[in-house]
Structure formats: structure tokens, C-alpha cells
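Q: Just so you know, the protein sequences line up as chains F and E, in that order.
The numbering of the first sequence is the working numbering, which starts it at 1 and goes up by one.
The numbering of the second sequence is the working numbering, which starts it at 1 and goes up by one.
Think of the hints as simulated: they come from the structure by calculation, not from any bench.
It is possible that some hints are incorrect.
Said to hold, decoys possible - Below 27 Å or equal to it, Euclidean Cα-Cα: the simulated DSS-like pairs (lysine-lysine) are:
#: 1; chain 1: E; residue 1: Lys14; chain 2: F; residue 2: Lys57
#: 2; chain 1: E; residue 1: Lys40; chain 2: F; residue 2: Lys123
#: 3; chain 1: F; residue 1: Lys28; chain 2: E; residue 2: Lys14
#: 4; chain 1: F; residue 1: Lys16; chain 2: E; residue 2: Lys25
#: 5; chain 1: E; residue 1: Lys40; chain 2: F; residue 2: Lys57
Said to hold, decoys possible - Residues of chain F placed beyond 10 Å of chain E at every Cβ, according to the derived structure:
#: 6; residue: Thr95
#: 7; residue: Leu131
#: 8; residue: Glu175
Beta carbons are placed, not taken as given, at the ideal position from N, Cα and C, and that holds for glycine.
The chain contents come next:
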Amino acid sequence: MIIDDNAIIEKLRNPKTRNEAFDSIVKKYSNQIYYHIRRMVIDHDDANDLVQDSFLKAYTNIDKFRFDSAIYTWIYRIATNTCLNFLEKKKRQFTFSAISYEDSLADKIESSSYFDGDELQKKLQKSILKLPEKQRLVFNMKYYDDLKYEEISEILKTSVGGLKASYHHAVNKIEKFINED
Amino acid sequence: MKSLNDIPKQNNFKTPEGYFDSLDKKIAEKIKNNEENKPKSAFEIFKPYIYMAASLIILASAVKFGLNVLVDKDPVVKPDIETIASTESNYFLDEFYDDDIAFYEYLSEEEEVYASNDISDEEIENYLSQYYIEYELQYE
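Looking at chain F on its own, in the form it has when it is part of the complex (with noise of 0.2 Å):
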């Protein structure tokens, strides 16, 4: 059953419910997180660390959640500083390295059983690769998860005009790799 978010705020309010409501965030949000994070580290297994750690961070934090912001945007951004860290982290990692960590994701496009797309479809993700991290933050929320300019404003604390901006860029620069060769 899935819990409208004022019920869960109200139980949030409430030390003794806390827990149950916290419950019902992660059922409710666990999925969209998850894929969230996937469409920006392409792989399963460090898609799962960073959900789980998204919502460990959640729970911990629990005290500073402001009741008059919405639950899933207060996810969302959490879930985005886990997977923005997690990438400075992997490209420290790739320095010396022969290929950079965006190239390594793309290998992984290609050969990872657990992305089933055709060839257009691997084309399209590895376009979006190559965009810039905030850009392609921008491109997923507004393009896959269906979020508001308003919605993404909130969690990447951002002007509207300047995401709008940002997804117009990144829809110009992936149809221009697409066409690319």
C-alpha cells in the first residue's frame, strides 16, 4: 500500500511512528532512487552501495528534514550529493589510469548484462555520457524521472532559468553525438 506523504510527514513528527514512517519512504522512493543513481554510475553493484547509503544518510539525518519541504525531493538531493561524491571519488581513481572513469562506464554500456537496450539505445546512454555531470543530472531528472524545473530547482538547489538552460544544452549535445559518424 502506498502512504500519502502528509501521512508519512506525520508520523515522521512523531518519535514513536519515526521508524514505520521511514518504512514507507524507502518502499515508496527505494526504486526511483535506485534508478536515480544507476542512470549516473551505470552499474548494478555500485548502484545498490549508493541507494543504501542514500537512505542510511536519510535516516541518520532525519532530524534536519524540514517539514514543510517534500519527502522525495529531500531524498532526491541526498540520493545526488551520494552519487556526485561517489564520482569525484571514482575519477581520483582513474587518473593515472589509460581511459578516463566516463570511458569505463561506457565499456560498461556495451558489455554489461544487465543493460538490454539495442544499438540506438547504447548510442543514446553513451551520449549522455559524455555530457558534463551536472548537465547530465539535469538531462536524467527532467527527461527519465519526469521532475519539474520547480522539483529540480529544489534538489540541486539551482535557478529554473539556469536548468532549463542546462537541459536545452544537453538535448542539443546528445543529438549531436547521436548523429555523430
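Knowing the structure of chain F, use the given hints to seat chain E on it.
A: This is chain E only, laid out in the frame that chain F set:
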């Protein structure tokens, strides 16, 4: 030239079979493990000792306060006459003694006044011989 709209919007990322059925349990397990293995703060480590020390301080304070209430620390002792007499620095005695000296000195001064106004022996003799003779003549 392909546009983004020409590409079907799909989710091509797959997960192991039944992954989402167990994800909430994995997250709950991770939270539980984290809570159990959470490093304790210095306060939590020393909490029993802090409570013990605080209890001892409270107990000691209570005992001290109780003794102060039950046992009269400075009882009022009425001094006897001998004690007063043997006390050289007794304020009232000193006061009395000083008054005594002053009185003595006053008397001495009076004597001196009388002494300074003394009538000479010759005058007394003359005075007595004059009146005594008259007395003797009248009554003897």
C-alpha cells in the same frame, strides 16, 4: 538527422531477479547494523562513571548538610564569673576598670583643689583660739 524525440524513451537498465523485493530489507539491515556499530561518543563511554561521580558528590553534599543541621556547630556557652574574671581582654571589665580609674582621678583632683585652697595652720590656730576662748568663757 535524428532528434531525441525519434528515440523511444526506455529504461534499459536491468537488475537481478527480485532485487526490489528485498531492497527495503537490505536498507533496514544496513541501518540496524549502523546503529549497532555506531562509534560511541566520549560522553556515552564515560556515562556510567560520570553518573557514579555525580551520585557520590550528591551523597557527600547531603551527608554534610545533614550533619550541619543535626549537630550545633557553635553552641552558645554562658560564661561563669571565674571565666569572666580570668579573661584579661574582657571588654566590659576593661570598660568598668577604665571608669574606676577615671573616678579615682576625679577624686584626686578634688583633693588637690582642696589642698590648693588650704588655710594655713596659723590662721586655723588664730581662728580656733578666738572662738574657743569665747566658748570657754561662756559655757565653762
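Q: Each of the hints needs a verdict: does it hold here or not?
A: Hint by hint, here is what the structure shows:
For the given pair, Lys14 (chain E) sits about 25 Å from Lys57 (chain F) by alpha-carbon distance, which is consistent with the 27 Å threshold. For the hint pairing Lys40 (chain E) with Lys123 (chain F), the CA-to-CA distance comes to about 50 Å; that exceeds 27 Å, so the pair is violated. Restraint check: the Cα-Cα separation between Lys28 (chain F) and Lys14 (chain E) comes to about 19 Å, which is no more than 27 Å; the hinted pair holds. With a C-alpha separation of about 20 Å, the suggested pairing of Lys16 (chain F) with Lys25 (chain E) holds against the 27 Å cut-off.
Restraint check for Lys40 (chain E) and Lys57 (chain F): the C-alpha separation of about 18 Å stays at or below 27 Å, so the hint holds. For Thr95 (chain F), the condition that its CB be more than 10 Å from all CB atoms of chain E holds, with the nearest at approximately 27 Å. The claim that Leu131 (chain F) is not at the interface with chain E holds, since no C-beta of that chain comes within 10 Å of its own (minimum 13 Å). For Glu175 (chain F), the shortest C-beta to C-beta distance to chain E comes to about 6 Å, within the 10 Å cut-off, and the non-interface label is violated.
In terms of the numbered hints stated before, the structure departs from hints 2 and 8, listed from lowest to highest.
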